[in-house]
Amino acid sequence: MSLGSWGVRHAQACVGALGRLAREPVGSLLTILVIALALALPVGLNLLVENARAATGDLAGSIELSVYFKTDVPLAKAQQLAQAAGERPEIASVKLIPADKGLEEFRAYSGFGAALAALDVNPLPHVLELRPRPQASTTAALGPLKAWLVSWPEVDVVQIDSQWVQRLEAILATLRRLLEIAAVLLGLGVVAVIGNTIRLEIAGRRGEIEVIRLVGGSNAFVRRPFLYAGVLYGLLGAILAAGIVALAVALLAVPIGSLAGLYGSRFALQGLAPSEFGALAAAGIVLGWLGAWAAAARQLRAVEPRP
Amino acid sequence: MIVFERAVKRYPNGREALGGVTLRVERGEMVFLTGRSGAGKSTILKLIALLERPTRGVVSVNGQNTSQLKPRRVPAFRRGVGMVFQDHKLLSDRPVFDNVALPLVVADTPLREIDRRVRAALDQVGLLGKERMRPLELSVGEQQRVGIARAVVSKPPILIADEPTGNLDRDLALEVMRLFRRFREVGTTIVVATHDLALVQEFGLREILIEQGRVVDGPVAAPLELPAMVAGVRLGEGPRKDDASRPGRS
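Here the protein sequences come in this chain order: A and B.
Each residue of the first sequence is one higher than the one before, counting from 2 in my numbering.
Each residue of the second sequence is one higher than the one before, counting from -4 in my numbering.
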């Protein structure tokens, strides 16, 4: 068979499947709507998580490490170590606060000025404030950096100001995991819906399938229109799901914009990016194909020609 | 060529449809399978078309032992056997052209070739010009001719027909048989199951009488070693004279 004939056969199967969907507009639309809702839910939740992440700003950029030197470390040594830290690729910025300056600030802002004046020596150490680069700001990446800093004999304590970030990360990670579970379950639901629709279609076309088998139609030939039907259900469901999500974003954009404005933020709700729409369409196609394949493989075995 | 050697067919419910049939149909030969309803005629056709496999024994079609054929090879095998049915088995929601084209479509025949061959087949059965009509818009005889056109459009080496004239009046039945005879003239092997013995006699072709799943008449064309269980069959013998018991001959 030539490539042209092959293409024509597939185009015929695809157009035929589309025609059958169009001949049953209400039934097809209801099936597509169910698929769309099942796809829209995880996609909408994902969008919510992504927008929440964007709304809370660049969290990674706000993580800091405070390195407290021992009180007997001279300033020159602290400067030398600050320079060494600044040369590391994961460090974005380094700020050394000498003990004298620290005391000065403490005296000014703490309200213990008089008490501090009574001290003979400065009890405060030199402090190094490090800000890691965003890609090195994860909990996993900060561990080795902290270990490196602690290994200096001049260092007394290293403190990472990331507890609140870790909590937020944990909440988002939990949401993401819930999202993944929902996506898997709803994906299985889509497969089941499409599989059941194709099963009913096969039952309705049993006579035709028998005739095709009688004249020598292969399993692949018999299966082809049903696979296209499944793919079309999935694709149209994905397109409708994208529409539902776009509508939800449009409806929420104004009130969320107003809410963000009250907090002095210029945050704007983001919809699906073209790449995300592409992924959604691909997921719809794959799920549709899987559902149709599962139904066709099981059902078509039961349809044997009866002369 | 079709060869049955001691072919037994027992269905899952325990009913034995064929009890050791041995027969041979030569290439380009046209034979009639006759016998009462339930005698086993249709089972023989099913075994030829590989709609069933024999429980025991050998069924060989065009040199292929059907018992040994892998399931994935069955569709290609069936493309070599044209089938005509009493109830036509046409797709009522498709036009005549699409019905006739079906065996070519499933065989991935190029579109231009499909168009040419479908028109030729419809011309052969006298239905050229009706290719856009739906089967239900045609008379019963025309529907049967659509079924015949579909069976022969891919020029299969074997054509089987199960009671093809069952729903037709005398003239139409004769017309259908004349069509079959024409296909035989171009080398097609034809097996027709029928209980219309008047029709069989009119054409004077070999007849194989089946009774209770056994061949009781119609010798094979070449000697075969037959099992003792095949009662009433003698190689090389002509039709039995005492055939008053045959259906339709009383």
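Hints listed in this document are in silico derivations from the structure and should not be mistaken for laboratory results.
Where hints are given, some of them may not hold.
With the Cβ distance kept under 7 Å, some of the chain A side facing chain B (calculated, not the full set) [said to hold, decoys possible]: (1) L49; (2) N52; (3) E209; (4) V216.
Anything over 12 Å on all C-beta distances counts as not near chain A; from chain B, calculated [as the list claims (entries may be wrong)]: (5) G14; (6) G75; (7) M78; (8) N94; (9) D103; (10) R107; (11) E132; (12) E180.
Only a predicted model underlies this, so the values are computations on that prediction, with no experimental measurement involved.
Quick reminder that beta carbons are idealized off the backbone N, C-alpha and C, glycines included.
Taking the hints in turn, this is what the structure says about them:
1. L49: Hint on L49 (chain A): violated, closest Cβ of chain B at ~47 Å, above 7 Å.
2. N52: 50 Å, violated
3. E209: Hint holds; E209 (chain A) Cβ to chain B Cβ min 6 Å, cut 7 Å.
4. V216: V216 (chain A) check passes; min Cβ-Cβ to chain B is 4 Å, inside 7 Å.
5. G14: 20 Å, holds
6. G75: Per Cβ check, G75 (chain B) is inside 12 Å of chain A; nearest 8 Å; violated.
7. M78: 6 Å, violated
8. N94: 9 Å, violated
9. D103: 4 Å, violated
10. R107: R107 (chain B) is in fact no farther than 12 Å from some Cβ atom of chain A, at 10 Å.
11. E132: 18 Å, holds
12. E180: Non-interface label on E180 (chain B) holds, nearest chain A Cβ at 23 Å vs cutoff 12 Å.
The structure does not agree with the numbered hints 1, 2, 6, 7, 8, 9, 10 stated previously, though it agrees with the rest.
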